[in-house]
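Trainee: With chain S fixed as given, assemble chains E and C onto it according to the hints.
Read off the chains here:
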Amino acid sequence: MIDALSVRLYYLVAFVLIGIGTYMMIDKGNLVKKVIGMNVFQSGIFLFFIVIAYVSGASPPLLTAPGPYVSPLPHVLILTAIVVGVSLTAVALGLIVRIYGEYSTLDTEIIREVSDDE
Amino acid sequence: MSDLPALLVVFPIFASIVVLLAGLARSRTGWPIAALASVVQVGMALVLGSRGFGDEPVRYVVGGFTAPYGIELVVDGLSATMVVLVAVVSLGVLGYARTAGPRSNPFYATYLLLVAGLTGMSVTGDVFNMYVFLEITGLAAYALVASGKGGRSALAALKYLLVGTFGASLFLLGIGYAYVATGTLNMNDLSAQLAAVGYTSPLVRVAFGLLVVGLFVKIAVFPLHTWQPAAYAGAPDTVSGLISALVSTVSAYALIRIVFSVFTVDFLAANPFARNVLMAGAAVSIVVGSLLAVSQSEIKRLLAYSSVSQFGLIIGAVAVANGTALTGAAIHLVGHAIMKGGLFLTAGLVASTTGARTVDEFEGLGEYLPVGAGSFCVLALAMVGVPPTIGFVGKWYIALGAVEAQAWPLAVVILSSTLLTLAYFARLIERMYFREPVATSSSVETAESKVAIDVATDGTGTPPSMGMWATVVAAAVLAVVLGAAAFEYGQLLEPTIEHLLT
Amino acid sequence: MTDVTSLRPIAAVLVSAIAVILILASHRRPNLRESWTILAAVTKLGLVGSMVPGVLAGRVYVTDFGAFVPGVRFALRADALGVLFALLASLLWLVTSFYSIGYMRGLDEHAQTRYFAAFAASLSSTIGIAFASNLIVLYVFYELLTVATYPLVAHDGTDEARAAGRKYLAYTFGGGVAVLAGTVLVFWLTGTTAFTPGGIAALATTDPVFGRAAFALLAAGFGVKAALMPLHSWLPDAMVAPTPVSGLLHAVAVVKSGVFGVARVVLDVYGPGLVGDLGVGLPLAAVAAFTLVAASIIALRQDNLKRRLAFSTVSQLSYIVLGLAVLTPVSLVGGLLHIPAHAFMKLTLFFCAGAIHVETHTDDISNMAGIGRRMPLTMSAFGVASLGMAGIPLVAGFVSKYFLLIGTVSAGHVVFTGALLVSGILNIAYFWPVVYTAFFESPENGDPKPLVENALGGRYAVDAVTDGGHGAENDDHGYAPDHEGQGPQDRHEAQAHIRHEHGPDDSLAWEHRGWGGGESTWFMLGPILFAAAGSVVLGIVPDSAVFLRIVRLIVSSVTGVSV
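Protein chains in written order, with my numbering: chain S, 38 to 155; chain E, 15 to 516; chain C, 122 to 684.
Please keep in mind that the hints were generated in silico from the structure rather than gathered at the bench. Cβ atoms here follow ideal geometry from the backbone N, Cα and C, with glycine treated the same way. Only true hints are included.
Among the chain E residues that face chain S by a calculated CB cut under 8 Å, a handful are:
1) L153
2) G164
3) G165
4) R166
5) A168
6) L169
7) A171
8) L172
9) L176
10) T179
11) F180
12) L186
13) L187
14) G190
15) Y193
16) V194
Extracted from the complex, chain S is given alone in its bound form (with noise of 0.2 Å):
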């Protein structure tokens, strides 16, 4: 059991801090931390793909470098959404500036009651 963890270890956290960014995206009442959570997410699914691109005992992909190399494919996927969740968080936060200026508030139950929609 230990040992199977052991090897596994780096899919163990990836699947850690995907389960933590969920619980606070869904928990958190405040919409900064809901935005911190999201970001965990895909940091967990990030790490899940370079995980996965690992061999054992390689180098990283560089031509100057002695192969077998890592597989190159994963990290150049991830650094582009490793963009694209850039963009998401500064789209994020645009918007709760635009929030906070309105309600004066981040607690999503506070502007529930103001709003008093749904």
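Mentor: Chains E and C only, in chain S's frame:
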């Protein structure tokens, strides 16, 4: 012109940058440039679309990296349909947006970015590329929803962003699993490799589950629909019209692509559980979406829940997985886009003319806004599935497909969805024509609806223009006329569907 | 039979659809607007009439627009059964159009443009139903008819009318779903839905369970509009509509479209032979027999004239369904012939009820004592038509009921014969009091009516008792207090209530009008007399009236037996 598939995606992005830069020099130059770009886009989409309906899909390899290593763009009948639909609807909504606003240049830049994202999702033949376009679409959509004034639209946009990102991330995770199983990202290659790995392998199953659930969020299938009513109701009318017509539609297209091009029907056959989950999702979505729609008092929220119910039909068709049902799904995707977009725009038109935003305020509308009420009525009846409109034809194919597959419970739900849809639209139609108008002066209006009106009209409260009328009436006419063209379309689609199902 | 390609079927459908646009466009000029209606009605009748000789000679006029969905062509075929229904609807539409003008103007109704437009649209759909070449096209027009008639039912805009409208939509769309489901099943089983005289051959070789299920769905779906019990309750409620609507649509076009659908299913989808083999004819006949007796009994209890007529319609429609379900050639003739026969008679009755409403604002039978003095021609026509309903010879109802009786006896179903006879007696029981009270009573001197006011009625009545069973918010006729139609009897009762010592008051009696037509406008009297005359002609010389010839042609082409 062989670069057309790529050009179709790049051109709107390019136009979007032009709009943004032009905004630095002179404000309010957004609309003319966007309109010009959309016309060009429609032209290109039609040319490409006509090629897509061949026996073999059009394939294009980006940057000279051959598939399966490079990114491939694939245009078959279904993607051609989506490309044309996106181009035409966005042009139509632009006609509406000219006076309805919002009018700033950044708005139109985002608008074109959304077009680019949707087109990209439609033509791509690579799953990771699809994720990127899914996120571009999402980002543009969040920004557009937030382009209304007031806290309500910002809040709706943030909710949309959080839930939407969650869905897209699940999609990404699903891609990860599929990559682990096969080591490829090209759809064509994936379907072969997945078959080699075996459809009952846990990795493949988890990948399927994650990809489908991620797309369910984007399509807004019950119970993952929570972002949708708030987003549609909080957005400016122009944006609700555009998003309701296109974003869920293209996501549903992505679902069809993933299920049939990547996993194929053999996967569904090997995993009856997956098919049952799809069917259950469809049935629940149809029924609960309609029930929620009945209980709404605000028009735009009612229409949003109606979408939840209508996309249940599409999911049902995917679950049935035969040629008839898939043809129906394609027809209903197009039909729903026209009808729902038209309904949202009509609701916006009514709101900007009379201030009516709730079901009760629609009373007596037939008296003082006959054309608006008439269009709404025609579109609503088309949505109910009164023949010979497009709404009926789509439902006929899907229901027939369900019967052919002998999926009786689903067939019953699909057929009775007519009555469920009627339940919420009959309420409106009765109010529009058979009740005296209530006195709605601005003093009676609640603060909320005032805010809503500000959101709607960009605060300017302009009277509706010819463009707005024309768009709304065109949608109503199309909803009826396309019903007659559906058969030819079904014929054209035949090779594509065959390709999907083998 | 030879198929002839012709634009006449589609033209007959479109002529009133075009009229809808013209009517809406000329909403500011009522005279022009009404002339569009009349023009369209004349043209439509001409178009349909021009096809009758050809159809009798064995030709079928076809307009084909190509495929609608795979395996289904969007085509209109004017065959004998279609022409029967189309001819009836278009002839009576012309008559009703004149009547509508008199009625709507006489009452100075609101939203007349919407009314005439919706009426024209309804007729367009009705002709579409008549000429539909397969179940899908039939379904298309069937649903359009529902949509087009909804504004007419909810016309008044009162709570009562809106509730009736909702009920109407719920019932008929529910029926539509059943029809669609049945159609899908038939299509799935056979790959076609086209009407074929004698039935779709492939259907006979399929799994009988699915065959029965599809038949049950189709019969139930069409049964909603045909007001088969227990799916009938929308029809009496829909009587809040203006009387021409009740007359043409809810006695002829809409309800007959349901019956027509049943006829198509029995004759042209399944064929009488297969219906018999599957054993589904008998249950349908049993439902029809139950409906025609039960509705007659309920009709006895109705004091509102239009509601009484509505239940009479429910009962009479089941005569037709019974005739179709018994499946012998003779009963088929009887059932199909009852379509025009009942149409002429019931239209007369409704027109009379409407004329009474316009002229005297009287809706309840208990208020009609002595009304024969005021409206002699109208009430005479009413008398003639009710004799026909009861099946007295020399009026239309006799001929069709004669065939029905012979048909049921020859099929060996004596129970159904008995039901028909009982219902005939009940017909007399609920129509005769109306005629009696109109001519032989006066407001001050009337006997309580059987069942409505007292169990036995007449001189056996001990005391006038309330008719009971209604909530407190309704008046003594079961209607909301603001319901129109309080007549002299109510006024008389009110006066007597206030001043007990007061004797008969002449001002409460009906004024006397002569037989020269002074009772109403000729816009209304003309149609009444035409319809009444039509029912007499059908009764005296059925063979020279074209309907019986068409019916014989239909039956012989389906069963191969000439009757």
